[in-house]
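Asker: One-letter residues, chain by chain:
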Amino acid sequence: DIVMTQSPLSLPVTPGEPASISCTSSQSLLHSIGYNSLNWYLQKPGQSPQLLVSLGSNRASGVPDRFSGSGSGTDFTLTISRVEAEDVGVYYCMQALQTPLTFGQGTRLEIK
Amino acid sequence: QVQLQESGPGLVKPSETLSLNCTVSGGSISGFVWSWIRLPPGKGLEWIGFISYRGITNYSPSLRSRLTFSVDTSKNQFSLNLRSVTVADTAVYYCAREYTSSRRMDVWGKGTTVIVSS
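Going down the list, the sequences are from chains A and B. Counting in the numbering used here, the first sequence runs from 1 upward without gaps. Counting in the numbering used here, the second sequence runs from 1001 upward without gaps.
Because the hints were derived from the structure by calculation, they are not lab data. Any given hint might turn out to be false.
[Unchecked claim] Coverage of chain A stretches by chain B, computed from C-beta distances (three or more under 8 Å per stretch; other residues unrestricted):
1) 74-84
2) 96-110
[To be verified] Straight-line Cα separation of at most 20 Å, DMTMM-like style, residue types lysine to aspartate or glutamate; simulated pairs:
3) B:1110 / A:17
4) B:1110 / A:86
5) A:44 / A:87
Every residue, glycine too, gets a C-beta built ideally from N, C-alpha and C.
Work out the full structure: start from the sequences and follow the hints.
Answerer: Listed below in structure tokens is the structure:
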């Protein structure tokens, strides 16, 4: 199985400040036809997970442009340019290269 | 707008079978893959597996021996059966729509809590 490792696991952020979450995979997620099989999800308190980014850097429909995904191979980053109060929750990266699909441990973002 | 709704018993006894349904509304079940994911208390998300609208399945190796998925296109519904449950199967269970090309899960149900206890 591909192991996904996120850091930090807890992320206190002041509103208006940037934030970034790192995700590392135990093997390359770069598909043979050139895209990265890495998706990001956010689970807000009391809600089901929602898709933020697919294929490493494609923002999902309706996701604010302050969210961006980057990286390739084994190292990926989710960046929030200016954190807002509504961004609190647990962020997960998930590899989609092969089954079993596997998630990172989750990063809990909280507002200072 | 496609919506998913999980349904099933909130409480299951150890060694019994957990049965969950996921009903798709606002769109067709055809053309997509349908996934199950769970969130155990105090832990992170765990992929359980998926079933295509044609009935092709892919199960998590850790659950494969106890797991069966099915799909009923006439009801726009798919189902999960997990046999011989233990307390370790206590979790919030989610169903989700998945695109095969990117494996992105873009629509999720609200989730249903399942507690395994005698």
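Asker: State for each hint whether it applies.
Answerer: Results of checking the hints against the structure:
{"no.": "1", "hint": "74-84", "in the structure": "violated (count 0)"}
{"no.": "2", "hint": "96-110", "in the structure": "holds (count 9)"}
{"no.": "3", "hint": "B:1110 / A:17", "in the structure": "31 Å, violated"}
{"no.": "4", "hint": "B:1110 / A:86", "in the structure": "19 Å, holds"}
{"no.": "5", "hint": "A:44 / A:87", "in the structure": "8 Å, holds"}
Against the hints set out earlier in the document, violations occur for numbers 1, 3.
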